[in-house]
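Enquirer: Taking the hints into account, I'd like the entire structure generated from these sequences.
Residue strings, one per chain:
2 protein chains.
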Amino acid sequence: MTITAEVAQSRTGGGLSPIDRLHALVAADMEAADRLIHERMGSAVALIPDLAAHLVDSGGKRLRPLLTLAAARGCGYAGEKHVKLAAAVEFVHTATLLHDDVVDASTLRRGKLAANIVWGNKPSILVGDFLFSKAFELMVETGDVNVLGIIARASSVIAEGEVMQLKSANNLATTEEHYLQVVSAKTAALFAASAEAGAAVTGANASLVTAFRDYAHNLGIAFQLIDDALDYSGRQAEMGKSVGDDFREAKVTLPIILAYARADEEARRFWTRAIGAGTQTEGDLQRAISYIQDTGAIRETHRRAAHYADMACAALRKIPSPEIRDALIDVAEFCVSRGY
Amino acid sequence: MTITAEVAQSRTGGGLSPIDRLHALVAADMEAADRLIHERMGSAVALIPDLAAHLVDSGGKRLRPLLTLAAARGCGYAGEKHVKLAAAVEFVHTATLLHDDVVDASTLRRGKLAANIVWGNKPSILVGDFLFSKAFELMVETGDVNVLGIIARASSVIAEGEVMQLKSANNLATTEEHYLQVVSAKTAALFAASAEAGAAVTGANASLVTAFRDYAHNLGIAFQLIDDALDYSGRQAEMGKSVGDDFREAKVTLPIILAYARADEEARRFWTRAIGAGTQTEGDLQRAISYIQDTGAIRETHRRAAHYADMACAALRKIPSPEIRDALIDVAEFCVSRGY
Chain V
1 MTITAEVAQS RTGGGLSPID RLHALVAADM EAADRLIHER MGSAVALIPD
51 LAAHLVDSGG KRLRPLLTLA AARGCGYAGE KHVKLAAAVE FVHTATLLHD
101 DVVDASTLRR GKLAANIVWG NKPSILVGDF LFSKAFELMV ETGDVNVLGI
151 IARASSVIAE GEVMQLKSAN NLATTEEHYL QVVSAKTAAL FAASAEAGAA
201 VTGANASLVT AFRDYAHNLG IAFQLIDDAL DYSGRQAEMG KSVGDDFREA
251 KVTLPIILAY ARADEEARRF WTRAIGAGTQ TEGDLQRAIS YIQDTGAIRE
301 THRRAAHYAD MACAALRKIP SPEIRDALID VAEFCVSRGY
Chain P
1 MTITAEVAQS RTGGGLSPID RLHALVAADM EAADRLIHER MGSAVALIPD
51 LAAHLVDSGG KRLRPLLTLA AARGCGYAGE KHVKLAAAVE FVHTATLLHD
101 DVVDASTLRR GKLAANIVWG NKPSILVGDF LFSKAFELMV ETGDVNVLGI
151 IARASSVIAE GEVMQLKSAN NLATTEEHYL QVVSAKTAAL FAASAEAGAA
201 VTGANASLVT AFRDYAHNLG IAFQLIDDAL DYSGRQAEMG KSVGDDFREA
251 KVTLPIILAY ARADEEARRF WTRAIGAGTQ TEGDLQRAIS YIQDTGAIRE
301 THRRAAHYAD MACAALRKIP SPEIRDALID VAEFCVSRGY
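Those sequence lines, one after another, are chains V and P. Using our numbering, the letters of the first sequence correspond one by one to residues 1 to 340. Using our numbering, the letters of the second sequence correspond one by one to residues 1 to 340.
Simulated from the structure, these hints should not be mistaken for lab results. For every residue, glycine included, the Cβ atom is placed at its ideal position computed from N, Cα and C.
Residues from chain P shown here face chain V by an in silico Cβ test under 7 Å; the list is partial:
no., residue
1, Ile48
2, Asp129
3, Phe136
4, Gly143
5, Val163
6, Leu166
Expert: Here you go:
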């Protein structure tokens with residue numbers, strides 16, 4: 001039995017989701033981080049906090065700052081620096097979302113109109129830059145240059161991942177390996193850095209820092225795989241996103257890579273037109289969903305995600321705090337089960 | 001006699017411009033910074049160095065890293081950290097140029113097609129983010145968290161300034177004071193931070209650090225005022241920019257503020273249509289240039305710039321190195337005389 005299956009069996013959720021329960025474990029720290037987030041996104045230029053609040057207060061799960069706070073707690077930290085880091089990683093994440101939505105011309109984000117639709121591309125780009133800078137100001141205040149390096153490196157890796165993704169659009173020759181490189185860079189890097197920074201700032205030993213990093217890195221990959229599956233599950237409207245965004249952008253994600261590999265002649269012609277050439281007509285999204293479902297590509301994507309969730313949980317073996325360890329294991333399990 | 005006038009009288013340029021001469025004073029350091037710039041903009045994702053090189057190697061003056069290196073030299077520094085800071089401030093500058101050109105939909109930059117035209121907006125946004133992150137990675141390597149804070153604060157102020165500028169477009173009620181706030185934020189902040197960081201990293205005393213900062217802050221304002229004047233001088237094609245970019249964007253810069261304040265009834269109707277409403281037809285740019293020239297708005301903008309150049313030079317009184325001091329005074333003088 002895999003760790004994930006074990007977890008699913010042994011831990012039955014109450015009314016709260018595992019993410020809510022992890023929130024509850026670090027509730028005071030998260031409240032402090034939230035106060036700091038709202039304080040530091042302030043500016044005499046009113047458009048900045050208005051636009052930032054649109055995204056910051058849109059009901060995001062605060063997964064990355066949660067990882068920072070949980071890692072610090074899991075290391076037995078009694079200081080205050082992790083709160084600044086938590087606010088900083090949420091700012092980095094928010095900045096990348098603002099820029100991503102411009103790059104992808106997204107219309108919806110977390111069930112609301114995307115900021116680029118409400119205010120236009122220009123303010124979205126600039127407020128992203130503002131929040132990114134504010135993230136570094138917060139990190140500077142910790143005085144911990146090592147931790148700053150962790151987040152700075154993740155930030156440049158994210159940008160690399162986004163450019164890689166841009167270049168693999170329309171390319172049906174994209175391999176699963178290349179796709180995983182993109183996911184690792186554009187999503188898992190900030191998950192990993194968020195947890196690593198939270199652990200490192202406590203002065204914890206290297207193996208503990210690595211454990212939290214490895215957990216979050218694998219969680220990030222699992223999380224993105226599920227996200228990419230949801231874009232073809234036909235239920236993503238419930239997730240507050242536009243239906244079929246990846247398809248319209250002709251992004252070659254794992255569901256497409258797997259479906260294309262298993263496609264018959266007719267399906268290959270479809271993928272070559274709709275994704276390879278990017279020529280789409282009405283009904284194409286439904287047809288894509290059918291092909292993806294029929295070839296088992298969604299099921300297979302979920303299986304891959306479960307593998308990374310298992311890896312995430314396995315990395316936690318060395319964590320001394322059973323409370324944090326169990327809560328993080330539940331989160332990993334929940335992330336791969338969401339949206340079914 | 002003002003300091004600037006004095007300088008103009010006493011220092012006659014040879015074949016090299018004052019900026020070239022300042023370059024020559026820190027030539028070895030600048031070569032090291034250039035090597036670092038090219039090394040750190042590298043990536044396995046080839047589009048990143050390709051796009052970055054398009055701008056980095058387009059013949060920019062490297063004014064900001066020059067300020068960093070000159071300030072460190074002026075403090076008698078014998079270490080290596082200033083080279084990393086110089087590369088970092090050039091990366092921050094390059095990132096803001098990439099994002100600005102997307103925001104302004106610019107077509108030309110330094111006499112070449114802008115990156116957003118060659119590669120599109122998406123890679124420009126993402127490579128900007130990449131370079132911005134790389135700037136912080138470089139600063140982390142200095143281990144000097146104080147200096148990191150100087151650049152991080154400047155970066156958020158730049159973004160604030162850009163948003164302020166966006167909001168004052170089309171607004172003929174923009175005051176000169178508000179315009180100076182924008183210029184101070186979007187341009188002078190990074191000039192100031194570049195010099196301040198170069199001085200601070202040497203461990204120089206606070207008054208010396210402040211002197212370099214004040215010099216560069218005032219130089220930055222003078223520089224931007226001249227830039228804004230050049231956009232209506234009818235000679236900006238020589239500067240490698242698109243003619244009348246500010247006008248087409250309906251940016252309310254000082255030449256327009258001054259010309260509008262001195263406008264007769266007919267000219268006011270013109271400005272209200274072309275800038276206030278942003279409704280422009282052929283021949284409008286020439287008409288704007290005529291109004292601006294006829295009201296003396298360009299001459300007045302140059303006079304304001306000369307004032308800030310004087311302030312810049314005055315700040316240098318405390319600098320112990322006469323070589324650096326004189327070279328920086330010449331640069332300030334040159335910046336307000338360029339493009340005549």
